[in-house]
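*Asks:* Given next are the chains, with one letter for each unit.
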Amino acid sequence: MLMALVALIGLLVSLYLTLYKLGRIGTLACGTGGCETVQLSRWGDFLGLPVAVWGAGFYVLVLALCLAGLQDRFADSRGLARILLVITGWGVLFTGWLTYLELFVIHAVCRWCVGSAVMVVVLFGLAWWDWRTVTGGKWQVAGGNDGGR
Amino acid sequence: MVNTPAKQRTPARRDPKSTRIFYLALAVIAVAGIGALGYLSQRPRAQVVTQVDSTLPKVQSNGYVMGSPSAPIEVVEFGDFECPQCGRWATLTEPDVRTRLVQPGIVRMRYIDFPLSMHRNTWQASRAAACADEQGKFWPMHDKLFETQDEWNGIATRSPDDVFKRLAGQLGLNQQQFNQCVDTRKYQAKIQAHEALALQRRAEGTPTFVIGNQMVTQALTYDEFKKLVDQALAKSGAPLRTPVESGATKGATKGARKTPAGQ
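Here the protein sequences come in this chain order: A and B.
Number 142 in this note's numbering belongs to position 142 of the first sequence; there are no gaps in the numbering.
To get this note's numbering, take the position in the second sequence, counting from 1, and add 1000.
Same shape as in the complex, but just chain B (with noise of 0.2 Å):
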């Protein structure tokens, strides 16, 4: 800008050399942080998939499980319901992994809870999904609090009991054994059972998906989670199969069904 003094109110003067130096400077930031926006931002970002380590124990708990107890492929996701790249997954790509690949039977997956602590009441959801699973709604409830993340985060409320109290109420579940669980907070063993687990398994965030052998945090689209199955299929010898020839198993989709870990 301009330094001269208010009382010498004279135009200021620029040495031409230096503004010249001075745009060719403003040019060269330009170029070169754009350039190197594009750049990372055409990089691909499969990227981050890293390969799971095969000293570490198997996964033994069984969490909650939708599919088919023989589907080839199990996909173990480590979630946090009131993150929200979880909710961007669970209600914007989990509907089309059910529908191409749990329902056909060639993935089952498997959910973990893995409460972040930088979150107040994902601790209050996760117990509650499991109060719903008592009642064979874990997939119905898993569904309602990504739906209604905003009602009952922490930023939301200092109360999401309540507010999970009326989504029970919504899906039809016996509303006294729920407000009985919730409040005797009787799942705390298990969520805290699954926190271990994550840890263990080296989840850094959430969700965390372990597809076959490769593990990657991100809310995956469709095709970035397709494409990792497809090559956890290659990986396993299964034959590749389309959802038209497979077949679709409707009922793999409804409740929470619980199998022995596979991973």
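In isolation and in its complexed conformation, chain A is listed as follows (with noise of 0.2 Å):
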């Protein structure tokens, strides 16, 4: 529950960095800070979409997966657990990258990128720990009877 609630808010922290991306919020100007910076760097972007456009992507995957596990079908659910492990670990490494980026490459931070990075860590550890929890800590792909569990 409380990841779905943690995704909840990113998705909303990375939908208000698309519409001030596309311009629809607050100034699009250089130098008035930070985000700003960030934003209007050629690092803004990736594979064509803005980076926030990703990060809303990634935060639907997520809330879309927790709501899926409050379902009796899929409680307790092993393979669950694993994606939402692989997902939100993927999701940390890239937050790492685009972090290394703002500090040695652009040299401006943006608080909200700062944010969603945070709640990024927080939803891989809370999906750590339900992988645990669930699996007992062991990575089990091949054989035993997942079914969905």
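No lab work stands behind these hints, which were simulated from the structure alone.
Hints may be right or wrong, so weigh each one.
[Stated by the list, open to error] Derived CB-CB ranges, DEER-like:
(1) Gln1180(B) to Gly89(A): 23 to 31 Å
(2) Ser1159(B) to Gly79(A): 35 to 43 Å
(3) Gly89(A) to Lys1227(B): 48 to 56 Å
(4) Ala1193(B) to Gly57(A): 45 to 53 Å
(5) Gly1237(B) to Leu5(A): 52 to 60 Å
(6) Trp129(A) to Ala1030(B): 20 to 28 Å
(7) Arg42(A) to Gln1192(B): 22 to 30 Å
(8) Trp43(A) to Asp1015(B): 44 to 52 Å
(9) Trp43(A) to Arg1166(B): 25 to 33 Å
Cβ atoms here follow ideal geometry from the backbone N, Cα and C, with glycine treated the same way.
Dock chain to chain to rebuild the complex, using the hints, since each chain is given by itself in its own frame.
*Replies:* Okay, structure coming up:
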């Protein structure tokens, strides 16, 4: 439940940054703050889309998986726990790369991006805890009767 | 999620009451968040327009001027050649402004360098534009620099002067004169004076426009720009002229013409 709430807040932050990037919120100008510098740098886009859009997609996916996990059918699902661990782990790596760019390449820090990074790390921590709880810390991909559980 | 230990493979049962509270909290956060985003995105952006402090000194630098000396409104732009939003303004909005407001003699544009420290190659770009101005080609170079921003900005290269020299060749400038001008940093002091002026005028970023007694730091759309020009015209008492009524003076956009500062 906590993961779903964090993912929802992260989604809202990503939507805010997406609207900002599209010029619908705030002032799009250079030199007026860290977020402007980061968003307007070439690293503000990834594979043709604003990074914030990728972030929104990430949070939507995590939120959907968390809500699925709340259904009886998927309660205690090892597969779901593994997927969440992998996705949030990837999120931590991607966020780490973005934070590196902010600190050492762009030389500007966007506080909204920092907030999002913290949420991704929290999501990973919760996913790790959940995975440990459900599987006992054993990565059983092949064999075993997962059966959606 | 779930918290049943692996050894106890029994489906988790949730308290229906806590589940209801959870979904309620989720819905409240979603509605509040979406409502806030909707409000923020609908809020008019014109709120960032501020009044110019009348005690500030007049703009003393000539900068680079485009338009009729008799145009009733002068717009000062503090710009940074490496700023993506200045590039957005220069490539998307400024062509319309030139056609519909500068050529008819309604507006005179004055560009003043405001190189921001975050941009590695912007000083070189400003110097290159000044060198082009020496040969009467500031505005063609201005346009070229913004069009090719991705080729010479601080992320693309550490040797932007090579790109500028190529652009100078494309614009038909005297290559030897331009190269020497760039290599010797001939107009460094001029750019420094422009930067000092921008700071003195309390420009906070780029592009910053001073239109009449209003100042805005934003890559304006044409409609936003026109609205501020109309307000300045109304305050100045000058007759509101449309492009059709005033007639276009096409030559007004050719080259960089310097006139005494009006702001």
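*Asks:* Is it true that the C-beta distance of Ser1159(B) to Gly79(A) lies inside 35 to 43 Å, as the hint says?
*Replies:* violated, 53 Å
*Asks:* Lying within 45 to 53 Å: is that true of the beta-carbon distance Ala1193(B) to Gly57(A)?
*Replies:* Distance hint for Ala1193(B), Gly57(A) holds at roughly 48 Å.
*Asks:* Tell me if the beta carbons of Trp43(A) and Arg1166(B) are separated by a distance inside 25 to 33 Å.
*Replies:* holds, 26 Å
*Asks:* Taking the Cβ atom of Gly89(A) and the Cβ atom of Lys1227(B), is their distance within the range 48 to 56 Å?
*Replies:* holds, 50 Å
*Asks:* Does the Cβ-Cβ separation between Gln1180(B) and Gly89(A) fall within 23 to 31 Å?
*Replies:* violated, 56 Å
*Asks:* Determine whether the Cβ-Cβ distance between Trp129(A) and Ala1030(B) falls within the hinted range of 20 to 28 Å.
*Replies:* holds, 25 Å
*Asks:* Taking the beta carbons of Trp43(A) and Asp1015(B), is their distance inside 44 to 52 Å?
*Replies:* holds, 45 Å
*Asks:* Quick check on a hinted range of 22 to 30 Å for Arg42(A) and Gln1192(B), using CB atoms only.
*Replies:* Roughly 27 Å apart at Cβ, these two residues keep to the hinted range, so it holds.
*Asks:* Given the hint of 52 to 60 Å, is the C-beta distance from Gly1237(B) to Leu5(A) inside that range or not?
*Replies:* holds, 59 Å
This entry does not satisfy hints 1 and 2, going by the numbered hints stated previously.
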